[in-house]
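**Q** Please model the complete structure; the sequences and the hints are all you need to start from.
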Amino acid sequence: MSKNTLIFIVDDDPMQLDMLKDHLSAMSNFNIYTFSNGEECLAQIDKAPDIVFLDYNLSNKNTNAMDGLEVLRELKEKNPNGEVVMLSGQDKIEVAVDTMKYGAFDYIVKGESAFYRAEKAVFNLYKLAKLKRDAGFYRILTIAFGVALLLMIILVIYLKSKGLISDRAGWI
Amino acid sequence: MANITNLEFITGFSKGNMERVRKYVQMFLEASAEGMPAIEKAHADKDWKTLKTAAHTLKSISGYMGMTDTQNLLKKMEENAATEKQLDDMPNDVSLLRQHLQQAEEELNGFLAQN
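Heads up: the sequence lines are chains B and H, in that order.
Residues 173 to 344 in the working numbering are what the first sequence spells out, letter by letter.
Residues 650 to 764 in the working numbering are what the second sequence spells out, letter by letter.
In case anyone wonders, no lab produced these hints; they're calculated from the structure.
The beta carbon of each residue, even a glycine, is placed where N, CA and C say it ideally should be.
Careful, some of the hints might be misleading.
[To be verified] Selected chain B positions facing chain H (in silico; Cβ < 7 Å):
#: 1; residue: 187
#: 2; residue: 261
#: 3; residue: 263
#: 4; residue: 266
#: 5; residue: 320
**A** What follows is the structure, given as structure tokens:
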């Protein structure tokens with residue numbers, strides 16, 4: 173995640189949408205896009221957002237609209253490296269479990285503390301991205317050491333076969 | 650009569666920026682003006698699914714206006730509509746909600762006129 177982290181916010185409630193956008197904009201120089209439904213968000217998925225804040229109840233105003241879970245599934249399928257944070261007015265554990273099952277990074281219940289939680293989720297995602305980068309670096313380092321060790325073994329076998337080194341201690 | 654709204658949270662959230670507070674108050678008033686008739690129509694039609702979603706929408710944002718009693722009332726209405734239980738309470742709840750939102754509208758319009 174870079175300084176210009178791309179964030180999508182999807183909510184059919186204009187007030188929630190504006191409040192979260194204003195709050196996140198005040199945090200950092202994020203590039204934020206807002207959508208009032210999942211279909212519009214998915215149409216822009218080629219922008220590969222780093223984080224999507226996604227409302228669970230997206231079919232309140234339009235009953236034909238995709239619901240949050242459907243959008244979550246498509247987001248994870250089409251943009252697997254992006255993280256999704258679900259927002260919901262319901263503090264039901266089964267809803268939270270469902271969203272996590274489909275790959276959501278976090279689940280936030282709407283209310284006064286939701287904005288602080290959203291901020292914390294962004295911070296945690298930064299930490300996760302750093303851990304992933306570090307893990308990638310150590311993986312490459314481990315492979316490089318493995319290859320170097322293998323080359324050493326091959327060299328020793330080669331030198332031994334040519335009689336240039338022996339098992340006996342001391343100088344040849 | 651005690652105030653039904655309390656703008657302490659929204660003022661703190663907006664870091665004292667009155668333009669932002671005004672924007673959120675106006676958005677709430679618009680949502681309320683849209684939500685109350687939707688709830689009344691759904692109640693008249695006994696369309697509990699629509700009533701549930703309309704109550705759900707107003708629930709969170711009424712909390713931002715410090716309307717704790719209204720939020721609790723909307724939560725009760727949402728749950729009763731979802732489960733289709735205690736529907737005998739619904740006429741009184743709808744009427745009480747109308748009173749809450751009317752009072753909130755007066756208070757918030759008063760705030761907008763002064764700020």
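**Q** Taking the hints in turn, state whether each one holds.
**A** Here is how each hint holds up against the structure:
| no. | hint | verdict |
| --- | --- | --- |
| 1 | 187 | holds, 4 Å |
| 2 | 261 | holds, 5 Å |
| 3 | 263 | violated, 10 Å |
| 4 | 266 | violated, 14 Å |
| 5 | 320 | violated, 55 Å |
In terms of the numbered hints stated before, the structure departs from hints 3, 4, 5, listed from lowest to highest.
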